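Number of protein chains: 4
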Amino acid sequence: MIKDSDFIKNPKVPGPTKEEIRCILLCKSEVSEEDVVVDIGCGTGGLTVEFAKKAKKVYSIDLNPLATQTTQENVNKHQVKNKVEVIQADGLEALEDLEEFDVLMIGGSSGKLPQLIKKGYKKLNKNGRILVTSILLETATEAISTFKELSLKSEVVNIMISKGTPGQRGTMMYSNNPITVVITEKL
Amino acid sequence: MIKDSDFIKNPKVPGPTKEEIRCILLCKSEVSEEDVVVDIGCGTGGLTVEFAKKAKKVYSIDLNPLATQTTQENVNKHQVKNKVEVIQADGLEALEDLEEFDVLMIGGSSGKLPQLIKKGYKKLNKNGRILVTSILLETATEAISTFKELSLKSEVVNIMISKGTPGQRGTMMYSNNPITVVITEKL
Amino acid sequence: MIKDSDFIKNPKVPGPTKEEIRCILLCKSEVSEEDVVVDIGCGTGGLTVEFAKKAKKVYSIDLNPLATQTTQENVNKHQVKNKVEVIQADGLEALEDLEEFDVLMIGGSSGKLPQLIKKGYKKLNKNGRILVTSILLETATEAISTFKELSLKSEVVNIMISKGTPGQRGTMMYSNNPITVVITEKL
Amino acid sequence: MIKDSDFIKNPKVPGPTKEEIRCILLCKSEVSEEDVVVDIGCGTGGLTVEFAKKAKKVYSIDLNPLATQTTQENVNKHQVKNKVEVIQADGLEALEDLEEFDVLMIGGSSGKLPQLIKKGYKKLNKNGRILVTSILLETATEAISTFKELSLKSEVVNIMISKGTPGQRGTMMYSNNPITVVITEKL
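Residue numbers (UniProt numbering), protein chains in the order written: chain H, 1 to 187; chain P, 1 to 187; chain V, 1 to 187; chain U, 1 to 187.
Derived from the structure by calculation, the hints contain no laboratory data.
Quantities reported herein were computed from a predicted structural model and do not represent experimental measurements.
Incorrect hints may have been included.
Just so you know, same-sequence chains aren't split out, so a pair can sit in one copy or run between any two.
[To be verified] Here are the simulated lysine to aspartate or glutamate pairs, DMTMM-like style, with alpha carbons at most 20 Å apart:
1) K54 to D35
2) K118 to D6
3) K112 to E93
4) K3 to D90
The task is simple: from the sequences and hints, build the whole structure.
Structural data, given as structure tokens:
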């Protein structure tokens with residue numbers, strides 16, 4: 001994985017998703033080199049870049065032009081330009097224009113999570129995966145209930161990471177904020 | 001418990017120990033109104049004030065004069081002046097001059113944790129409790145091994161608290177750094 | 001606090017709420033000796049007993065007769081019989097018959113959380129507190145949204161506790177399951 | 001990653017390392033197809049199999065013959081036999097006979113962690129990584145202090161994972177025990 005500090009950042013754009021969380025999301029996505037990935041709410045582009053290193057193609061979508069700009073900068077920096085298309089648009093509208101895909105990563109939903117999941121699910125290939133990351137308690141339960149509505153089984157993983165670097169006095173551990181990931185698969 | 005924001009703070013003094021941690025420490029200390037408490041590394045005085053509200057007497061010790069000053073200010077503000085003696089001194093030296101006590105709270109040890117525990121243990125009354133809080137990984141294992149040396153059984157509790165206030169978009173949870181508490185009792 | 005192992009248990013009744021969680025709940029409830037407490041979904045009675053030690057009166061309610069029986073046994077064992085009334089009933093119906101109170105503790109709601117909160121809120125004295133503990137993600141967000149509906153500000157605390165006892169090889173830490181507490185106050 | 005339930009288990013052998021932890025360890029190891037990996041204390045073989053899928057060669061070592069047997073079974077089941085050599089031996093002795101390698105994974109050390117790290121470090125190629133997983137508090141601080149002795153900078157990551165599957169009543173989250181990982185690199 002790329003170090004958090006190796007991403008170009010814009011103070012007005014959230015992210016990048018922290019390294020350990022990217023590890024778990026990439027793992028859980030089971031992304032392979034035949035896969036097309038859609039990353040909605042791409043923010044800084046941390047997940048976009050990691051997915052691009054393993055997938056056939058990544059579509060990265062964000063409504064915020066500062067986010068798509070930062071994502072494009074990171075895509076360029078980490079040399080995955082040939083695999084990534086960055087789209088500045090509302091997630092729902094962007095989904096309209098896309099072909100089928102294998103992994104739908106939702107990191108931001110501008111309050112339209114159920115619609116995004118439902119529309120995305122229609123374009124998800126068989127055995128495709130949807131992953132929703134939540135920093136808000138409500139995002140996780142909304143994802144869960146939308147998957148239930150679609151009769152999809154889901155798995156919920158809450159991740160709390162603390163990190164430290166040994167110093168002279170000892171090793172002080174600093175916590176990252178908790179992230180909840182809700183994952184489902186199209187059978 | 002007193003709200004974290006109700007303590008007077010000095011940017012150069014650590015603390016106060018967060019509300020939920022104070023809750024658990026006070027609980028685990030089993031402090032009663034007959035108890036004498038010694039609070040070494042009192043910092044901002046958060047624990048001192050809480051102990052004072054329940055104990056007979058609290059001796060609050062810190063080497064840092066800014067810490068003892070801040071503790072005294074909080075002792076005054078929270079009206080427990082008559083029960084607290086604030087001592088600006090090295091913990092080991094201050095222990096020398098104290099009578100027996102029932103609860104030894106060690107929140108800071110300036111690198112002398114084993115000595116503090118050993119000296120404190122001698123002055124601890126039967127059924128007295130020692131509690132060591134650690135934000136450094138090494139402090140916890142040092143407390144554990146010192147208690148082992150003294151043939152004392154100890155209990156270790158690691159506490160991770162995240163907090164949030166519901167907002168318009170939802171409830172974002174923010175993590176406090178983890179705290180490990182090592183507790184023993186003199187049988 | 002009473003040790004977890006000092007409560008009488010019934011394998012068919014959940015609880016007791018773990019010691020550290022009881023510490024935080026009692027703290028956050030700000031219970032005093034003038035307070036009347038209602039404990040809905042009392043289960044094993046762990047919280048009931050702790051509240052009884054500090055409050056004027058506790059009404060402990062559970063629909064499950066095995067729960068009320070176990071709570072009564074713990075109330076007897078821990079000698080707070082004179083302060084506790086154990087009621088085997090549906091929470092909503094039991095609330096109907098109660099006078100005003102100061103603390104409403106909801107640990108179990110049989111799927112009627114919003115109604116319980118709303119009915120309870122009506123009988124809550126000024127400056128009274130409602131605390132909802134959740135082991136289900138959905139309980140926390142449901143409590144949050146019900147408090148929002150009532151225009152009440154709430155605080156959310158997620159608690160993760162790991163515990164260990166030092167052994168010969170070292171100190172292995174065992175995690176308790178996470179608990180989320182949602183707290184509000186009637187202004 | 002392979003699901004936890006897809007590993008053959010022996011009740012007398014610890015592991016497999018949980019899926020999310022394997023994700024993070026593989027990530028942090030930065031293992032590539034040119035790398036030789038040594039997995040000391042391989043237990044059930046969960047990490048061995050994952051490393052084998054990405055590395056050139058894995059040497060899996062455990063003193064417990066039940067562990068090496070289980071690891072071999074999982075190596076066979078997951079079809080990485082051609083890349084893995086399973087060695088039933090004391091870690092220190094086994095290191096003696098090995099050529100240089102790129103990743104040293106220590107998941108069990110039978111009380112000889114400092115020696116294992118020091119001996120392993122000598123055979124670690126430039127830019128090679130050492131990862132120590134700890135379920136005991138003391139293992140983490142021992143790894144940290146040994147790396148310090150070798151003038152190596154290390155990074156410490158504490159991981160707490162809770163998981164749930166949405167059910168009819170809601171989503172109950174179950175915690176795994178915390179794991180601390182200490183990581184260093186040979187510069």
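Hint check:
In this homomeric assembly, K54 and D35 come within 20 Å of each other (Cα to Cα) both inside a single copy, at 8 Å, and across copies, at 19 Å. When the C-alpha separation of K118 and D6 is checked against a cutoff of 20 Å, the pair qualifies neither within a copy, at 34 Å, nor between copies, at 31 Å. Only within a single protomer do K112 and E93 lie at most 20 Å apart by alpha-carbon distance; the minimum there is 12 Å, versus 38 Å between protomers. Proximity of K3 to D90 under the C-alpha cut-off of 20 Å is found in neither arrangement, the shortest distances being 29 Å within a copy and 35 Å between copies.
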